[in-house]
Each structure stands twice: as C-alpha cells, then as structure tokens.
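All chains, please: the whole structure from these sequences, using the hints.
The listed protein sequences correspond, in order, to chains A and B.
Just so you know, we're using the working numbering here: the first sequence kicks off at 1 and counts up by one.
Just so you know, we're using the working numbering here: the second sequence kicks off at 182 and counts up by one.
Possibly wrong hints are sitting among the right ones.
Chain A is nowhere near these chain B residues, computed Cβ spacing over 12 angstroms in every case [said to hold, decoys possible]: (1) 220; (2) 292; (3) 352; (4) 401; (5) 404; (6) 423.
Taking lysine to aspartate or glutamate pairs in the EDC-like style, the calculated list, with each CA pair at most 20 angstroms apart, reads [as the list claims (entries may be wrong)]: (7) B:346 / B:392; (8) A:68 / A:24; (9) B:352 / B:409; (10) A:177 / B:190; (11) A:68 / A:23; (12) A:177 / A:141; (13) B:255 / A:54; (14) B:255 / A:23; (15) A:177 / A:117; (16) A:165 / B:392; (17) A:95 / A:152; (18) B:240 / A:28; (19) B:240 / A:58; (20) B:240 / A:117; (21) B:240 / A:54; (22) A:68 / B:256; (23) A:95 / A:54; (24) A:165 / B:203; (25) B:370 / A:117; (26) A:177 / B:217; (27) B:240 / A:32; (28) B:240 / A:53; (29) A:68 / A:117; (30) A:95 / A:58; (31) B:370 / B:392; (32) A:124 / A:141; (33) A:165 / B:204; (34) A:95 / A:53; (35) B:255 / A:58.
No lab work stands behind these hints, which were simulated from the structure alone.
Just so it is clear, CB atoms sit at the ideal spot from N, CA and C, and this is done for glycine as well.
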Amino acid sequence: MVRAVSKANWSDAELLWAIRSGDEPAMEHLYDRHSSIVYSVALRVLGDTGSAEDIVQEVFMQLWRNPKVFDATRGSLPGWLAVITRNRAIDSLRKRRPETDISSVIVSVEPDLSGAEWGHAVEKIRGALGSMPPQQRSALEMSFFQGLTHNEIAQKTGEPLGTIKTRIRAGLMALRKVFGQ
Amino acid sequence: MSVHEQFADDLSLYALGALQGEERSAVERHLEECPDCRHELARLQGSLALLAFSVTGSKPPARSRERLITAIAKEPRRAHLIRPPRRAWWTVVEWVAAVAFVAVISLLLTQNSNMRRRVAEFQSNSMKQQQELLQAKQLIESLTAPDAVHFTLVAGKVPPQPQGKAIYVRKNGTLVFLASNMPVLPAEKIYELWLIPTSGAPIPAGLFRPDAHGTAAVVKPAIPTGVEAKTFAITVEPSSGSSAPTTTPIMVGVGE
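What follows is the structure in structure tokens.
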C-alpha cells in the first residue's frame, strides 16, 4: 500500500485537499508556509500592520471556507496568494467592494519557487527591479502597490498616457525575463 | 504563441485591474475567445506575483496565527460539508480483477516463453493464447476506460485520501499500479512512479496523469526483470518525466 508521507512534506495541493475535509492542522501548515507573503504584500500596499493583519485573516479564511477557490491546475499557490492579496488590499485602500472573482485569477509562475531557492529568487527579482529605468519601475510600483490607473499615473507624472502603458508592460516583461520566461 | 498586438498593453493594465468600462469589457470579450491571450494574461499575472515577491520578508505577528486558528475553530464543523465521494474508487471486485490481471499476465509471459520453443509442435495452443491475450487486453481496457465507474469505500465519514496500490511480480518485472484521489497537477507537471530497489538508484516505473476524478493506472511499464523492490514512491516531475527523481516523493510505499 502506498500512503502519503508526513504532512509537513505535503504539497500545497495536498494540503488544500485535506483542508477541503476540514483538516485544521493542514490549514496551519499552509498558513506557516505562506503567511509571510500575504502579510508582506498587504503591509506594502496598506502601510499599516493592523490593516495588513485584517487582510491576512480575510485571505486565509476565504481559503479555509472555500479551498476549491484555488485550482492547483491553474498556477502556483504563492503566486496566486500574492496577486489576490494585492487586489484585496487595493480594494481595501480604495474602500471599494472586491472587484475581481478570485477563482478566475490564474497566475503562471515559473520556476515554482520554494524552499532554499526562495531567498535567491527574491534577490534576483529585487536585482531586476533595481536595474530598471527609474520611471519604468516607478510606473510599475505605482500601478501595483498603490493601485493607480494608467490615467492617474499620467496625470501625476505629467507624461503621455501611451508612455505610461508602454512602461508598465515593459516592466512586466523585464520581470518575466528574470527567470528566462 | 501570438498575442494580439492591439491588446498587448491593455492585457497588462487588465491584469493590474486598471481598466474600466468599455476598455475592460473589450478585453474580457477578447479573452473569452482567445486562448493565446488568456495564456499571456496568466503569464502577466505571474510577473505581478514576482513583483509582489520582491517585498516579502515581513512576518505577521504570532497573534495573527492565533486569530486565524480561533476563527477556524468557531466555524461550523466541516464534517457536514463532506459529501460522500461523488465518484468513487476501486471496488473489491476491481481489486480482485487487477490481481487476476497480474496473474494472467505472469502466466502468459511464462507460456509465451515456452511456446516459442514449442510453437511448431503445439500450433493449436496459439489459438487459446490469443484468446487469453484478448481477455487480458479487454481487462486492461476495462481498468483504464475513461467511462469506467469507480467507487471508493471508506469507513464512516473519513474523506478519501490520495492513495495508490502497486502490485509487483519480481521474476518477470510485471507491475500494475492503481491510484485514486490524486490531486490534479498543472499541465507542465506529471506524476512519476519509481521502483525503489533494495540497492541502487530508483528505477522509473511509469508516468501518469490522473483523470478529473483523481484516478490513474500504470499497467506493465517497461522495467527490468528480477529487481527486488524495497518499495515504490511517487514524485512530481516535469511533463516529459525524469530519469531520476528531481523532487521529494509525495507518496511512498509501506509494506503490507
């Protein structure tokens, strides 16, 4: 007979499978594995620890109540958590109701970063951001972390709308190239 | 892949949630009918995830974990949400059929070897062999048929867990592996079964991708004969498979 090995070694998909049947320790493992990403992103967007903790609570409770909301065939869990946390934090910042159906968010991240590779990968990402032209990085960060639209960024910087759009796209392409995608 | 150039910038803005009104509707209409642009959107979301990863490093305070655990404990017990498995698994009859199949295969292999030497003398036996082979083939087709209905039998309300069963005959290297409730993998990944010998490196023993219900089978993969198996294990590998495990096994065998 073949049986699953200890829960600490379970993949995210296996933990989510267990959570579907109400396995609380599986949820704790998942929280320990990914809460830093969720909290860090929420804190960066909202700039307030209390509000960031509220988002952490909201995101993980959503996963607990409906673990099927993340489909493991459609991307990596940390990538998906990072994106939906950002979206939820921006909604909170703008005091609006959630606009995106999170089950429809598909996040394709390669390589699948985990364990010892994680710290090295984050350094590479930061290095890529550091080597971007300042205006490009600024447009990207204003859009992602502040939730400003391209129109708002154009008004704020006094630059043409088309230039802002191009900078945002070029910035995302530059990040993709970090891992040769 | 060719992303439609007129949507290239707008896809980035859509991923960021920066499009409103008609601009947003136009992108959504296009995404409904364009798999290339849907794929590109997923990759753009991946780039956004990388941007998000750049700020990792802060850890939530311990009270945040406690808060979550307390909140979960107050939630209605999940037990009432557990439904009996919609699609089930291997019945006892099917297990018996699988074991019988291995026996048939072993028998056939032995018979094959003898018959090659005696084919001229026992021409008539080949008819019987053909019939048995046909039966074995029908058995394989039944076991792996996409429309086969499987049932999982569990005690009480215990939810079905990922599980596999390997039936292995050392002397002729015959292996049948059946799995159920396996989590579905992304397209670029696949499960790989490994024979772990009592000495030496793991031996690839077949690739498998579960169906929508988590069921999969590996029937008589090409493995050397006579290898003494210590156990079997499953890893997640790139879709083309690997010649040696590249990830930690997600499941390993225990003796019965």
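Hints, verified against the model:
1. 220: violated, 8 angstroms
2. 292: Consistent with the label, residue 292 of chain B stays out of reach of chain A, its closest Cβ about 30 angstroms off (over 12 angstroms).
3. 352: holds, 22 angstroms
4. 401: Non-interface label stands for residue 401 of chain B: nearest chain A Cβ at 18 angstroms, farther than 12 angstroms.
5. 404: Consistent with the label, residue 404 of chain B stays out of reach of chain A, its closest Cβ about 16 angstroms off (over 12 angstroms).
6. 423: Holds, because the least Cβ-Cβ distance between residue 423 of chain B and chain A comes to about 15 angstroms, which exceeds 12 angstroms.
7. B:346 / B:392: holds, 17 angstroms
8. A:68 / A:24: holds, 16 angstroms
9. B:352 / B:409: Roughly 9 angstroms separates the two Cα atoms, so the pair holds.
10. A:177 / B:190: Holds, at roughly 17 angstroms.
11. A:68 / A:23: Distance of about 14 angstroms is within 20 angstroms: holds.
12. A:177 / A:141: holds, 18 angstroms
13. B:255 / A:54: Between residue 255 of chain B and residue 54 of chain A the Cα gap is close to 17 angstroms, so the pair holds against 20 angstroms.
14. B:255 / A:23: Between residue 255 of chain B and residue 23 of chain A the Cα gap is close to 14 angstroms, so the pair holds against 20 angstroms.
15. A:177 / A:117: holds, 17 angstroms
16. A:165 / B:392: violated, 42 angstroms
17. A:95 / A:152: holds, 17 angstroms
18. B:240 / A:28: Satisfied, since the Cα-Cα distance of roughly 15 angstroms is no more than 20 angstroms.
19. B:240 / A:58: At roughly 16 angstroms apart (the allowed maximum being 20 angstroms), residue 58 of chain A and residue 240 of chain B satisfy the hint.
20. B:240 / A:117: holds, 19 angstroms
21. B:240 / A:54: Holds. Residue 240 of chain B to residue 54 of chain A sits at ~14 angstroms (cutoff 20 angstroms).
22. A:68 / B:256: holds, 17 angstroms
23. A:95 / A:54: Between residue 95 of chain A and residue 54 of chain A the Cα gap is close to 14 angstroms, so the pair holds against 20 angstroms.
24. A:165 / B:203: At roughly 17 angstroms apart (the allowed maximum being 20 angstroms), residue 203 of chain B and residue 165 of chain A satisfy the hint.
25. B:370 / A:117: holds, 19 angstroms
26. A:177 / B:217: holds, 19 angstroms
27. B:240 / A:32: holds, 10 angstroms
28. B:240 / A:53: Distance of about 10 angstroms is within 20 angstroms: holds.
29. A:68 / A:117: violated, 28 angstroms
30. A:95 / A:58: With Cα atoms ~15 angstroms apart, residue 95 of chain A and residue 58 of chain A stay inside 20 angstroms; holds.
31. B:370 / B:392: Given that 20 angstroms is the threshold and the Cα spacing comes to 14 angstroms, the pair holds.
32. A:124 / A:141: holds, 17 angstroms
33. A:165 / B:204: Answer holds: residue 165 of chain A to residue 204 of chain B is near 13 angstroms, not above 20 angstroms.
34. A:95 / A:53: This hinted pair holds, its Cα atoms lying about 16 angstroms apart.
35. B:255 / A:58: holds, 15 angstroms
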